[in-house]
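**Student:** Just so you know, the sequences run in chain order A and B.
In case it helps, our numbering puts the first sequence at residues 1 to 392.
In case it helps, our numbering puts the second sequence at residues 1001 to 1502.
The hints are simulated quantities; they were obtained by calculation from the structure and are not laboratory data.
Wrong hints could be hidden among the right ones.
To be verified - Once the Cα atoms are required to be at most 27 Å apart in a straight line, the calculated DSSO-like pairs of lysine-lysine come out as:
no.: 1; chain 1: B; residue 1: K1153; chain 2: B; residue 2: K1096
no.: 2; chain 1: A; residue 1: K386; chain 2: B; residue 2: K1380
no.: 3; chain 1: B; residue 1: K1315; chain 2: B; residue 2: K1397
no.: 4; chain 1: A; residue 1: K290; chain 2: B; residue 2: K1011
no.: 5; chain 1: B; residue 1: K1253; chain 2: B; residue 2: K1193
no.: 6; chain 1: A; residue 1: K202; chain 2: B; residue 2: K1020
no.: 7; chain 1: A; residue 1: K285; chain 2: B; residue 2: K1317
no.: 8; chain 1: A; residue 1: K290; chain 2: B; residue 2: K1010
no.: 9; chain 1: B; residue 1: K1380; chain 2: A; residue 2: K202
no.: 10; chain 1: B; residue 1: K1315; chain 2: A; residue 2: K386
no.: 11; chain 1: A; residue 1: K285; chain 2: B; residue 2: K1010
no.: 12; chain 1: A; residue 1: K202; chain 2: B; residue 2: K1496
no.: 13; chain 1: B; residue 1: K1193; chain 2: B; residue 2: K1153
no.: 14; chain 1: B; residue 1: K1020; chain 2: A; residue 2: K290
no.: 15; chain 1: A; residue 1: K386; chain 2: B; residue 2: K1317
no.: 16; chain 1: B; residue 1: K1011; chain 2: A; residue 2: K291
no.: 17; chain 1: B; residue 1: K1010; chain 2: B; residue 2: K1020
no.: 18; chain 1: B; residue 1: K1010; chain 2: A; residue 2: K291
no.: 19; chain 1: B; residue 1: K1020; chain 2: A; residue 2: K285
no.: 20; chain 1: B; residue 1: K1496; chain 2: A; residue 2: K291
As the list claims (entries may be wrong) - Facing chain B, according to a computed beta carbon distance under 10 Å, are these residues of chain A, among others:
no.: 21; residue: T120
no.: 22; residue: P203
no.: 23; residue: L216
no.: 24; residue: E287
no.: 25; residue: A345
no.: 26; residue: F370
To be verified - Pairwise CB distance ranges (calculated):
no.: 27; chain 1: A; residue 1: A209; chain 2: B; residue 2: A1024; range: 16 to 24 Å
no.: 28; chain 1: A; residue 1: P271; chain 2: B; residue 2: R1495; range: 24 to 32 Å
no.: 29; chain 1: B; residue 1: K1315; chain 2: A; residue 2: V107; range: 18 to 26 Å
no.: 30; chain 1: B; residue 1: E1499; chain 2: A; residue 2: F70; range: 21 to 29 Å
no.: 31; chain 1: B; residue 1: K1315; chain 2: A; residue 2: K202; range: 32 to 40 Å
These figures come from a predicted structure and were not determined experimentally.
We treat Cβ as the ideally placed atom computed from N, Cα and C, and that holds for glycine.
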Amino acid sequence: MFVWTVLLIVLMAVIAYWAGRTHAAGLVTAGGARLHSLPSYHGLFTAAGAMIGGLALAIAGALVFGAQSFFTPVAAVLGAAIGAAPLYARSSLDFRARNNFERIVLVLLIACSGVAILTTIGIVFSVLFETLVFFRSVSPIEFLFGTHWSPTGTPASFGFIPLLAGTLLITVIAIAVAGPLGLFSAIFMAEYASPRLRTFLKPVLEILAGIPTVVLGFFAALTVAPLIRGSGEAMGFSVASESALAAGLVMGMMIVPLISSLSDDIINAVPQTLRDGSYAMGATKSETIKKVVLPAALPGIVSAFMLAISRAVGETMIVVMAAGLAANLTANPLAAVTTITVQIATLLVGDQEFDSPKTLSAFALGFVLFFFTLVLNYIALRIVQKYREQYD
Amino acid sequence: MTEVRNELVKKRYAAERRFKFYGAAALTLTALFLAALLVDVIIKGIPAFHETSVEIDVKVDPADVDPANLPGGNYDKMIKEAFRAEFPEVTGRAEKKALTGLLSTGGADSLRSMVTADPSIIGKTVTVPVLLGDDADLFLKGLLTEQKTVPGKATLHIARLEGEEGFVLTGDTTGEAAEKQLGLTPGDIVRFKGGAVRVTGVQNGYLKADPVLPPDPSVSMLDAGQWDVVSFSVPEANRRINDNQALWLDQLKSEGRVKNSFSWRFFEAGDSREPELAGIRGALIGSLLTVLVALSLALPLGIAAAVYLEEFAPKNKWTDLIEVNINNLAAVPSIIFGLLGLAVFLNFFGLPRSAPLVGGLVLALLVLPTIIIASRAALKAVPPSITEAALGVGASKQQAVFQHVLPLALPGIMTGTILGLARAFGETAPLLMIGMVAFIADIPQGFTSAATVLPVQVFLWSDLPEMAFKAKTAAAIIVLLVVLFALNAVAIYLRKRFERRW
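Using the sequences provided together with the hints, build the complete structure.
**Tutor:** Pasting the structure below:
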């Protein structure tokens, strides 16, 4: 019925377009009476009426009779006719069909750009609402400062600190890998690489950026983790099979393209005059980069790192596959830790009951995650914006 | 003075070289990581594109097939009986089970389709390729254990122990100990025409052995070259194919009846609990449906929003808010979109779980910021003179935008959209939240039927204990990466072909 409804509305709109157009064209007399708008605009205006009327009554019909009912397409056709008829009747020689149609289009465009706001509102409300329900059964103090996390244990405990510690541990490892690699890559690409080398090197980073995280997770869990475990044990360390190090290393490699491409843009945005000034004083290239370009680009690079941290904190698949489930409160990179995203994913996979604190705790974690990344992103984007204005 | 200065210059040049080297090293390391990742996946995944089957002569017993219901015949039984008949020496119950355990549980499918296609073969004996189970398949591909076969160097005497199951192996009557003469150690298997025994221990210069394939009683002396020493790198307790099964498979292989063929099944079958029967078709169709929903929503919405923000929006608080919002949404962790889908689409609107429709909705919201940002960049790249010229000859602002600016920006918008599409195609985390992780064997039929997508299939398989699923996972990753590379190649082509410098 859904397909039929849509098809019927489209059909009615086509008919309305044709009728409106012919009607308007018929108004033109040989004596030189001219339309204000082209006939096609009269057609489009009528068709828009048919669309709006049809959609409105179809939705109403679906709500009243049910989406599968026979009456829904009937209501759609009826609505289209009702919507189109007055607009059809309005067309006259000096009717401003184009202006009216363009107004409809503008409203449509504004509505489309409002979807982004709706999404944010949807996220905030869906997460906030469930979180508030969760805080009815678990106190926020216990959640934010508790040091024991076991949502399925009896009694269940929802202390968030071990998850935060695990997330930060993996993030620190990831940034320790991605920071130098990404930054040096960007410096090399922006300052040293010849255009030919750039065309060869850029795709490498782009391919790495385009690899789905589930693939990186597979690599981390099945190749990197055993490798680290094996070499760690050969050196006499005891390494967990789901060590934070493996997840952090691979996550770091995932973030290299992000830091590199952002820093690359920023370094390129530093005006050439600054470099030329430095060269004129006799500085070498590396001295210019270290003493002039990087300080000038610092705010941008800081924001690149902030976006990278936000990405690492929110990354899910690598840690779900390569990090553990046990909420250990440790700073040892060779031990298994768990993260916020891992817990969200494990708590919400499978059937959920929306009245149990176990399910709701995932939303509370989601709220923390959303809030944390939002603040980081907001500050980072603001810095970038300011910085751009500075040199533009 | 000059010396000091030269020293300093030298130092500074060294620092310069070092600095450049760090940059090159960082890029090299990144490239190496990418290469290691791709090579690792390819090496692990290639074996899964092939499947092994064994050819068995089966008599299609009319008693087991109802001509009115051809697909319902008891083909499993026929296949198993025919396979047992190939090894008449296998008698014990456990051994028989081990023997038929080599075949896939879906092994009878080929016979079923043969009989269904041509009922005239009922009552006749036909040669049927029967799919092997995952462990047998891995063993024959050499992935389970390395197998070493060395021809025996000396004359071997074999004698049955009185009143016992075991055997005694001795060499010549020279003074040397048997294990030295024969080059055997406990655990080795001695294989010869008509049987095989496993060395279990050394005692007083002779070797004790247990039967693996019960030897022909007439065999008592084997010359050098008449027997082989077979050894496996993985001990029997640690592998899923025991010595008996390994030798049976060896025998079938030496008879040339093991066939290795391209696994079309991998692309044609849905998911399965049995690794050898599992395929990615369900996941591929699910991905296609999901991405289709996402694209058909995100593309019009994204273009409309970009056109408004870039061409029509006044500069005020409201549009600033939208801009900040879009930029922030682009950096929100994808799992948060999953929470949104779960709370809003499933819980509030009551849409079905695991459906491509819901997955597509979530992914549409996820890639919308990407598409808007790319589309705005493309629109911005069109020079204002185009708009001005259109306005100058009397077009309205909308006519100028929709008839002149938008068509010129379209290649750029398409490039951005394809990249967004690639992101949606590889996304996993938000789909876990809305139930697309269930085990679904059926191929999804529509936008509301339960489905999974390719990246989630990768995640599901990677978690399974069977070794064969590891290869399947890697193979699914290869397919995923090929699709993504193809999408990116199209995007690059579009950019190269239609890019205009103004």
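**Student:** Determine for every hint whether it applies to the structure shown.
**Tutor:** To see whether the hints hold, each was checked on the structure:
no. : hint                            : verdict
1   : B:K1153 with B:K1096            : 33 Å, violated
2   : A:K386 with B:K1380             : 20 Å, holds
3   : B:K1315 with B:K1397            : 17 Å, holds
4   : A:K290 with B:K1011             : 16 Å, holds
5   : B:K1253 with B:K1193            : 15 Å, holds
6   : A:K202 with B:K1020             : 17 Å, holds
7   : A:K285 with B:K1317             : 44 Å, violated
8   : A:K290 with B:K1010             : 18 Å, holds
9   : B:K1380 with A:K202             : 24 Å, holds
10  : B:K1315 with A:K386             : 17 Å, holds
11  : A:K285 with B:K1010             : 14 Å, holds
12  : A:K202 with B:K1496             : 15 Å, holds
13  : B:K1193 with B:K1153            : 16 Å, holds
14  : B:K1020 with A:K290             : 12 Å, holds
15  : A:K386 with B:K1317             : 17 Å, holds
16  : B:K1011 with A:K291             : 17 Å, holds
17  : B:K1010 with B:K1020            : 15 Å, holds
18  : B:K1010 with A:K291             : 19 Å, holds
19  : B:K1020 with A:K285             : 9 Å, holds
20  : B:K1496 with A:K291             : 37 Å, violated
21  : T120                            : 5 Å, holds
22  : P203                            : 9 Å, holds
23  : L216                            : 7 Å, holds
24  : E287                            : 7 Å, holds
25  : A345                            : 6 Å, holds
26  : F370                            : 5 Å, holds
27  : A:A209 with B:A1024: 16 to 24 Å : 20 Å, holds
28  : A:P271 with B:R1495: 24 to 32 Å : 28 Å, holds
29  : B:K1315 with A:V107: 18 to 26 Å : 19 Å, holds
30  : B:E1499 with A:F70: 21 to 29 Å  : 51 Å, violated
31  : B:K1315 with A:K202: 32 to 40 Å : 34 Å, holds
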